[in-house]
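Chains as they are written, first to last, in this note's numbering: chain H, 1 to 149; chain A, 1001 to 1155.
Some hints could be false.
Here are the simulated lysine to aspartate or glutamate pairs, DMTMM-like style, with alpha carbons at most 20 Å apart [stated by the list, open to error]:
| hint | chain 1 | residue 1 | chain 2 | residue 2 |
| --- | --- | --- | --- | --- |
| 1 | H | Lys84 | H | Asp112 |
| 2 | H | Lys131 | H | Asp112 |
| 3 | A | Lys1128 | A | Asp1107 |
| 4 | A | Lys1128 | A | Glu1070 |
| 5 | A | Lys1092 | A | Glu1138 |
| 6 | H | Lys84 | H | Asp33 |
| 7 | A | Lys1128 | H | Asp51 |
| 8 | A | Lys1128 | H | Asp52 |
| 9 | A | Lys1092 | H | Asp51 |
| 10 | A | Lys1092 | A | Glu1060 |
| 11 | H | Lys80 | H | Glu45 |
| 12 | A | Lys1092 | H | Asp33 |
From chain A, some residues computed to sit far from chain H (all C-beta separations above 10 Å) [said to hold, decoys possible]:
| hint | residue |
| --- | --- |
| 13 | Ser1027 |
| 14 | Ser1041 |
| 15 | Arg1056 |
| 16 | Gly1058 |
| 17 | Ser1059 |
| 18 | Phe1061 |
| 19 | Ala1068 |
| 20 | Gly1074 |
| 21 | Arg1080 |
| 22 | Gly1118 |
| 23 | Leu1141 |
| 24 | Pro1155 |
Note that these hints are calculated values from the structure, not bench results. The C-beta atom is built at its ideal place from N, Cα and C for all residues, glycine as well.
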Amino acid sequence: MDSVLRAAFIYFFLLIVFRIAGRRTLSEMTTFDFVLLLIIGEATEPVLLGDDPSVVHAALVIITLLFVNIVMSLIKSRSKTMEKLMDGVPTIIVEHGRLMQERMNTARVSRDDVMEAARRMHGIERLEQIKYAIVEVSGGITIVPQASA
Amino acid sequence: MAWQRRTWTIQRVGWFAMGAVVLTALSGVFGYGPVSWRHTSDPAGLVRMEYERFQRQGSEFTLRVDIAPEAITGDTVPLRVNGSFLEAVEVKGIVPGPQEARSAGSDVEYVVPVAQAGQPATIRFALKLRETGSHTAEIGLVGREPARFTQFVYP
């Protein structure tokens, strides 16, 4: 009986809390958002399966984490500097078909990664067809094709 | 769009509610915090206890029992703990360990050794909370009115 009630409580609790936290919170996954999600998972686990039976404890931990995240996102939306500090900035790595090797090295992106993203998103085959390739904050590569292509 | 607006409003309210929960939690209403730290003593003022008003199920805490020098006449001090408290918590250890523990009805009397008569003594109970809800502890010297406190344990 206990297990069913616990699981049901956690389910509805998470549903409500994530709904309140809003769309912004975890949909644009930066690396840190992903880590946050993992911590929330970790915090839920002992209540469902393990040694710490306190539901209130888990609820408090999750509420605190999400609340801090909301406050941080509000700060970020008000201050550009804070946003740069916390999320980083997107980096251009290909400009008009020209690889910017130094930036690519520091961003740890290879030519193959760029070409893969280009094929997947636009069916681009050659480097010259790429106008811009950008490493986004979330870690993905965005390809802007040449206008003629 | 009207639905979306309503959602946003509810979200805003929810944010404040979450903030309020975080602040209340900091104060100790959900366990471990300034609001929760309390002390109590028996009517004669011989037994003084430090306890937590709010606790969470499964958490462990140390109950500190200070005994006034006047109450210590021999090389042991007999402490009586009520049975319903012992049902709600699990005693993981008593420091100093009692010489003897005997049953007195549903209660338990612990006979705790002390080094010297006429000196204050402190006995610490390492406890783990098992039952949720409210329970009352009655701890005192045998034959005297005990010190009481009520504790609320969150699920």
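Verification of the supplied hints:
1. Lys84/H / Asp112/H: The hint is violated at about 28 Å.
2. Lys131/H / Asp112/H: holds, 16 Å
3. Lys1128/A / Asp1107/A: This hinted pair holds, its Cα atoms lying about 18 Å apart.
4. Lys1128/A / Glu1070/A: Violated. Lys1128/A to Glu1070/A sits at ~31 Å, over the 20 Å cutoff.
5. Lys1092/A / Glu1138/A: The given pair, whose Cα atoms are some 18 Å apart, holds under the 20 Å limit.
6. Lys84/H / Asp33/H: holds, 15 Å
7. Lys1128/A / Asp51/H: Holds - the C-alpha atoms of Asp51/H and Lys1128/A are around 13 Å apart, at most 20 Å.
8. Lys1128/A / Asp52/H: Holds, at about 11 Å.
9. Lys1092/A / Asp51/H: Distance ~16 Å between Lys1092/A and Asp51/H Cα, so the pair holds.
10. Lys1092/A / Glu1060/A: Between Lys1092/A and Glu1060/A the Cα gap is close to 9 Å, so the pair holds against 20 Å.
11. Lys80/H / Glu45/H: violated, 36 Å
12. Lys1092/A / Asp33/H: It is violated: about 40 Å lies between the C-alpha atoms, which goes past 20 Å.
13. Ser1027: With a cut-off of 10 Å, Ser1027/A remains clear of chain H, as the shortest Cβ separation is near 12 Å.
14. Ser1041: Non-interface label stands for Ser1041/A: nearest chain H Cβ at 29 Å, farther than 10 Å.
15. Arg1056: violated, 4 Å
16. Gly1058: The assertion about Gly1058/A is violated, with a minimum of 4 Å to chain H.
17. Ser1059: Incorrect as stated: the minimum Cβ-Cβ distance to chain H is 7 Å, not above 10 Å.
18. Phe1061: At roughly 13 Å from the nearest Cβ of chain H, Phe1061/A sits farther out than 10 Å, so the non-interface label holds.
19. Ala1068: Ala1068/A is indeed farther than 10 Å from all Cβ atoms of chain H, at 35 Å.
20. Gly1074: holds, 41 Å
21. Arg1080: holds, 29 Å
22. Gly1118: holds, 43 Å
23. Leu1141: holds, 34 Å
24. Pro1155: violated, 5 Å
Checked against the numbered hints listed earlier, the structure breaks hints 1, 4, 11, 12, 15, 16, 17, 24; every other hint is satisfied.
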